[in-house]
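Model the full assembly from the supplied sequences, consistent with the hints where possible.
The lines below spell out each chain.
Number of protein chains: 2
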Amino acid sequence: MTADSDDDRSVQISCPLPVTQYANVLVAHGGGGRLMHDLLRKVFLPAFANDLLGQGHDATVFGVADATRLAFTTDSYVVRPLFFPGGDIGRLAVYGTVNDLAMAGARPLYLSAGFILEEGLAIESLWRIVQSMASAAALCGVQIVTGDTKVVDRGKGDGVFINTSGVGVVEHQLQIGPRSVREGDVVITNGDIGRHGIAILAVREGLEFETTIESDLMPLARQVLALLEAGIEVHCLRDMTRGGMASALNEIAESARVAVTVEERLIPCRDDVRAACEILGFDPLHVANEGRFLAFVPAAQADLALSVLAREMSDSVPAIVGRVTGSGEAGVVLKTILGPNRVLDMLSGEQLPRIC
Amino acid sequence: MTADSDDDRSVQISCPLPVTQYANVLVAHGGGGRLMHDLLRKVFLPAFANDLLGQGHDATVFGVADATRLAFTTDSYVVRPLFFPGGDIGRLAVYGTVNDLAMAGARPLYLSAGFILEEGLAIESLWRIVQSMASAAALCGVQIVTGDTKVVDRGKGDGVFINTSGVGVVEHQLQIGPRSVREGDVVITNGDIGRHGIAILAVREGLEFETTIESDLMPLARQVLALLEAGIEVHCLRDMTRGGMASALNEIAESARVAVTVEERLIPCRDDVRAACEILGFDPLHVANEGRFLAFVPAAQADLALSVLAREMSDSVPAIVGRVTGSGEAGVVLKTILGPNRVLDMLSGEQLPRIC
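If you read the sequences in order, they're chains A and B. Under my numbering, the residue at position 353 of the first sequence is numbered 353, and the numbers go up by one with no gaps. Under my numbering, the residue at position 290 of the second sequence is numbered 1290, and the numbers go up by one with no gaps.
Any given hint could be a false lead.
Label pairs and their calculated CB-CB ranges [stated by the list, open to error]: (1) B/1066 x A/206: 49 to 59 angstroms; (2) B/1066 x A/233: 24 to 34 angstroms; (3) A/335 x B/1066: 43 to 53 angstroms; (4) A/233 x B/1065: 17 to 27 angstroms; (5) A/63 x B/1081: 33 to 43 angstroms; (6) B/1204 x A/229: 27 to 37 angstroms; (7) A/124 x B/1303: 48 to 58 angstroms; (8) A/209 x B/1280: 56 to 66 angstroms; (9) B/1280 x A/280: 48 to 58 angstroms; (10) A/184 x B/1068: 39 to 49 angstroms; (11) B/1313 x A/233: 51 to 61 angstroms; (12) A/54 x B/1063: 26 to 36 angstroms.
Derived DSBU-like pairs: lysine-lysine, alpha-carbon spacing no greater than 35 angstroms straight-line [claimed, not checked]: (13) B/1042 x A/156; (14) B/1335 x A/42; (15) A/335 x B/1042; (16) A/156 x A/42; (17) B/1156 x A/156; (18) B/1156 x B/1042; (19) A/42 x B/1156.
In silico contact screen, one side only, chain B against chain A (beta carbon under 8 angstroms); selected entries [said to hold, decoys possible]: (20) 1060; (21) 1103; (22) 1146; (23) 1150; (24) 1167; (25) 1178; (26) 1239.
Derived from the structure by calculation, the hints contain no laboratory data. By construction, the Cβ of each residue, glycine as well, lies at the ideal position given by its N, Cα and C atoms.
Okay, structure coming up:
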């Protein structure tokens, strides 16, 4: 695709047929022969075009002469349905991995994309997903530089699964991670919780609420880099995906061996999400998000961090939700609105499968 | 896992029960809660233990102060069956990605591992696959430093799919890739072709040959680094996976816009593989390999390259199979044993699905 690819993406809402000679993915599209190369040339390569991908080789080589530390991460995406209010599996696959790099305080640079296609998937669906990935990558300033496509027989997959791995550069000197968490740290969320999980569930189960709840899916690298550029001594970051805020807090508390106390009244959650959770018997603290993260920062910098994040958030307001109240022993306590404190644990199992 | 992990692997042929409280993967094992963390702690983390993975964060941070160029690659593995003569999906997922890094002339350093598990997969099967990945990684000198696990409902996957992405360091100044191929270059294979595809097919279809044909699956980084250390000016490398030697030759010929001529009589192929191909109506040139690659090298260094590769190959002999006979127009010609030259094309579609 040439320089006008951005225009193409914004204008065309359906696949310019015939993209390929077949309307659906065949097993042969994964066979390494002419059909696979046709799919690559007509669907993937035009959308993701860049010089590094254009090397056309088994691995992509890039320079790192200016870097001293890199971050590396991977995630597979199996969300159902493939298209949901506020996003799709392609956008999720780009933002999700960009966000994991951001959680290490890294500037995302390069992504890989590995597709596992189920025989019979509509080429048009694949095309839409790929276009969505391309525009998401452009928005994040990352390039998809290497990829792979496999096809599995009908009934052995579910439309499309996508793995993205990411490489980013760490441009600061901080050690961002659970080990840097200290007693007294303030815990901040960049916005309201629970939208992604409820949006997926609503569309999957055909639930209708008064308003359409859209996923909170968004890229987080800009927010994190803004915190770092503002001089915030970020101790730890964690996105609140599967398992929601409760899992993120518990993971960090256990890795850091600290006690964290969060206050229910401080945790932002939209009324429609809260109402949906009540109907469904869910706790918003366990519901997955795809554009929300926790930042552990020194108390003295909490207000500055809030104001930096507020500048980057258009549809939600960041909030201080708690503090690190002890060290040596791991645990998360929730000060409830109505009554006494209670231990906030991870769920044992699964609230809602195939959320990401 | 502690220092005796290698011993553990060689002695135990079955999962030390109870590894987890469940014999089979549940959807909840992918939910981000206690069950998922239990699976990580008991199956994945002990097998892959290293300091970088031990960071326990969304992305793994590593130093690159000494590097100027890195290589990055990805592959998803969907091979069926999961265990086959000469390997399994775990070993394949490590060697396959190590090999893609090697094809860029890179020294493989770090892998990611993304698992898509189907509900109902035996935990023992997963455990065996993970052990196999760990020993394969140790053999290649790479570390699995970041990972992800998703679970899909029964009937929406096929046991386990694995994505591995890899990062390696490029320690030489060569530009290894199709664009460096020149007229006069000699084309070398590091060994006999066709074993992997026939091994998979035989076990899948219950075919019995006089001998058990084992996959040629092997890591290729040592061979490539040995070529570079010997001062071979390697122009291009390509492993002969899906689509076999024919696809690899055509991909390079098309990217480099060169004509390549290979001689059938020079192409090593074991008699049992050749016989199996004749029975099945396959051309060995189209059959997938997982431990075989093509090297394009200057004619003056071909003999040295052969002798370097021969030192690294225990069960096969490298061979010169052809030459780059022209430039400007892409094409691959096969000088047949019996008769005239013929164009050697890629297959249109699929000879054998789910081979890797």
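So, going through the hints one by one against the coordinates:
1. Between residue 1066 of chain B and residue 206 of chain A the CB atoms are about 56 angstroms apart, so this pair conforms to the stated range of 49 to 59 angstroms.
2. A beta carbon spacing of about 28 angstroms between residue 1066 of chain B and residue 233 of chain A agrees with the range 24 to 34 angstroms that was offered as a hint.
3. Between residue 335 of chain A and residue 1066 of chain B the C-beta distance comes to about 49 angstroms, which sits within the given range of 43 to 53 angstroms.
4. Between residue 233 of chain A and residue 1065 of chain B the CB atoms are about 23 angstroms apart, so this pair conforms to the stated range of 17 to 27 angstroms.
5. Separation of residue 63 of chain A from residue 1081 of chain B is about 41 angstroms and conforms to the stated range, judged on CB atoms against 33 to 43 angstroms.
6. Range check, residue 1204 of chain B to residue 229 of chain A: Cβ separation about 55 angstroms, and the 27 to 37 angstroms hint is violated.
7. Distance hint check for residue 124 of chain A and residue 1303 of chain B: the Cβ-Cβ separation is about 53 angstroms, which falls inside the suggested range of 48 to 58 angstroms.
8. Checked against the hint of 56 to 66 angstroms, the C-beta distance between residue 209 of chain A and residue 1280 of chain B comes to roughly 57 angstroms, which is consistent with it.
9. At roughly 54 angstroms, the beta carbons of residue 1280 of chain B and residue 280 of chain A sit within the given window of 48 to 58 angstroms.
10. The hint said 39 to 49 angstroms for the Cβ distance between residue 184 of chain A and residue 1068 of chain B, and at roughly 42 angstroms that hint holds.
11. Checked against the given bound of 51 to 61 angstroms, the beta carbons of residue 1313 of chain B and residue 233 of chain A, roughly 54 angstroms apart, stay inside it.
12. As the Cβ distance of residue 54 of chain A to residue 1063 of chain B is approximately 29 angstroms, the hint placing it in 26 to 36 angstroms holds.
13. Of the pairs offered as hints, the one joining residue 1042 of chain B and residue 156 of chain A holds, with about 27 angstroms between alpha carbons and a cut-off of 35 angstroms not exceeded.
14. Proposed proximity of residue 1335 of chain B and residue 42 of chain A is supported: the alpha carbons are some 32 angstroms apart, at most 35 angstroms.
15. About 32 angstroms separates the Cα atoms of residue 335 of chain A and residue 1042 of chain B, which keeps this hinted pair within 35 angstroms; it holds.
16. Distance restraint check for residue 156 of chain A and residue 42 of chain A: the Cα-Cα separation of roughly 25 angstroms lies within the 35 angstroms cut-off, and the hinted pair is therefore satisfied.
17. Between the alpha carbons of residue 1156 of chain B and residue 156 of chain A the distance comes to roughly 5 angstroms, so the proposed pair stays at or under 35 angstroms and holds.
18. With a C-alpha separation of about 25 angstroms, the suggested pair residue 1156 of chain B and residue 1042 of chain B falls inside the 35 angstroms cut-off, and the hint holds.
19. A distance of roughly 27 angstroms separates the Cα atoms of residue 42 of chain A and residue 1156 of chain B; the hinted pair therefore holds under the 35 angstroms criterion.
20. Hint status for residue 1060 of chain B: holds, given a least beta-carbon distance of 5 angstroms to chain A, under 8 angstroms.
21. Against a cut-off of 8 angstroms between C-beta atoms, the interface hint on residue 1103 of chain B holds, since the closest Cβ of chain A lies about 4 angstroms away.
22. With a cut of 8 angstroms, the hint placing residue 1146 of chain B at the interface with chain A holds, because the nearest CB-to-CB distance is about 5 angstroms.
23. Interface restraint check for residue 1150 of chain B: the shortest CB-CB distance to chain A comes to about 5 angstroms, inside 8 angstroms, so the restraint holds.
24. A hinted interface residue such as residue 1167 of chain B counts as satisfied when its beta carbon comes closer than 8 angstroms to some beta carbon of chain A; here the least separation is about 6 angstroms, so the hint holds.
25. The criterion of a C-beta within 8 angstroms of any C-beta in chain A is met by residue 1178 of chain B, whose closest approach is roughly 6 angstroms, and the hint holds.
26. Here the hint on residue 1239 of chain B is kept, as its CB sits about 7 angstroms from the closest CB of chain A, short of 8 angstroms.
Comparing the model with each numbered hint stated earlier shows that hint 6 is the single one that does not hold.
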